[in-house]
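Using the sequences provided together with the hints, build the complete structure.
Protein chains in written order, with my numbering: chain A, 1 to 188; chain B, 1 to 278.
Because the hints were derived from the structure by calculation, they are not lab data. All figures in this text were calculated on a predicted structure; none of them were measured in a lab. Among the hints, a few may not be true.
To be verified - Label-pair distances were calculated between CB atoms; the ranges are:
| id | chain 1 | residue 1 | chain 2 | residue 2 | range |
| --- | --- | --- | --- | --- | --- |
| 1 | A | A188 | B | L246 | 45 to 55 Å |
| 2 | B | R48 | A | L145 | 44 to 54 Å |
| 3 | A | Q13 | B | L106 | 31 to 41 Å |
| 4 | B | S259 | A | Q65 | 58 to 68 Å |
The C-beta atom is built at its ideal place from N, Cα and C for all residues, glycine as well.
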Amino acid sequence: MTQAAPLSFDLNQEMLDMLGQRLDIQRPVSKLVEVLAGKRGAEAEEAARGIFEDYGREWAGLTLQLGERHSDRTYQVLKEVVDRTGSFGFALIPQRFVEIAYLSTQQIRSLPIVENNNRRLAYEMRDCRIFEAVKERCGEAVANLMTCRQACLALVRSIYESLGLAAAIEMEASLPQDGCCRFAATRA
Amino acid sequence: MCWVCDIYGDGGLWYLNPKNYARNLYRLRTPGAARAFGEDPETLGLRRMQEILETRFTDREEFSRLVKEANEMREKGPFQIGQVVPLQDAHKMVELSGPFAAMSCLCRIHTRAREERSPREYSCGGLGVGMLKWERWPERYKGGVHFMSPDEAKEWLTKWNKRGMVHIPMTFGGSFIGGLCNCDYPDCLVIRHRVDYGMETGCLKGHYVAKVDYDLCTGCGDCVQRCQFGALKLEVTTRKANIDLLQCFGCGLCETGCSQGAISLADRMSFPMLQEVW
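This is the structure we're talking about:
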């Protein structure tokens, strides 16, 4: 009888590569460039918000889909712990998908988590490729408007909604002002 | 505030700062780099501690110098940082961390050759997402670990408190608090290193000191038996408990063990002479 190889505690690299390819961050930025060429002021800002919100929702959807399909031992144990204790799911299950989302699309080796407990999940992003791409292609003034934040907010919101967890999602710091973006989900 | 709060507290108590419990679930390996199975901070600190302790019989002066040097290294040294906390603060810590797992105590294996074999006996607490990967270290977690909900963890801490154990949170690399142990003298290595050899970093005094209400104290002596640090005695002339504030670690075991409610905890910083005594 053959036994299945034990799962790794690490994330599946193929899954990360696949997500990275399908969620090319240049795509929403190119759309933004087009929109900015044809629209001005509040209208342009509204359109930009929509572009990044759509991207964020797609980002969450694919991450949840592939992240669930490609499990790992860390996730298995996490689910066992949540089942056994009835606790820790609020921060830690979404945290896994948030980490997958950023590790697959950003050039980072780990996501700085600043709070993860039964009440809150918070993380920071310093060298953001989306922000840098907007700055490079649309200029610093446009980048500093932080319309790209809608992508991260939609990502976290969609992940929590899909997992059936009620949470208030907020942005607590932004790259231009604070040197990093910080997003937090607080138990509603 | 103690020096650990100055560095890791963000204006409050370092062990009640949620940031010090947060950690990522995953870390990507650098392409081409071999997995680093280096020494963990716990092992590194214990090894250095052992080297220092070995000099105490061969060169007393050198031993004193090395202990002083180790204490002055503070967070820059290889030692885990630990601090005595009372039960009520240990309960607050449980709310800030997750998951929470009970496991066998390494110290008691080393000092007593006594292995805790079941969840009922486990006295060490592991905190944070690193516990989800416990199977990676089967030798350390022989017998497994027992995950608990926050309420179960609070009950578990209360159980050990009743048995006279001191609660000590410990860091595992930087400011990350990965352990909350239930310790006693002489089983626990960090208490022993502190009390017997003066090595401070692993077992700093807590932010409280105990005080006695002499009107309520009946002189039963229960508190004296619960003190791990020799800070309590029964005063012969008054037949009341007396606390040596300079010796008190603020663990609160005397408070939770006093059936008369005669002992309470006060802020260490409210006593000018204790403000630098950690």
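Hint by hint, here is what the structure shows:
no.	hint	result
1	A:A188 with B:L246: 45 to 55 Å	holds (48 Å)
2	B:R48 with A:L145: 44 to 54 Å	holds (52 Å)
3	A:Q13 with B:L106: 31 to 41 Å	holds (34 Å)
4	B:S259 with A:Q65: 58 to 68 Å	holds (59 Å)
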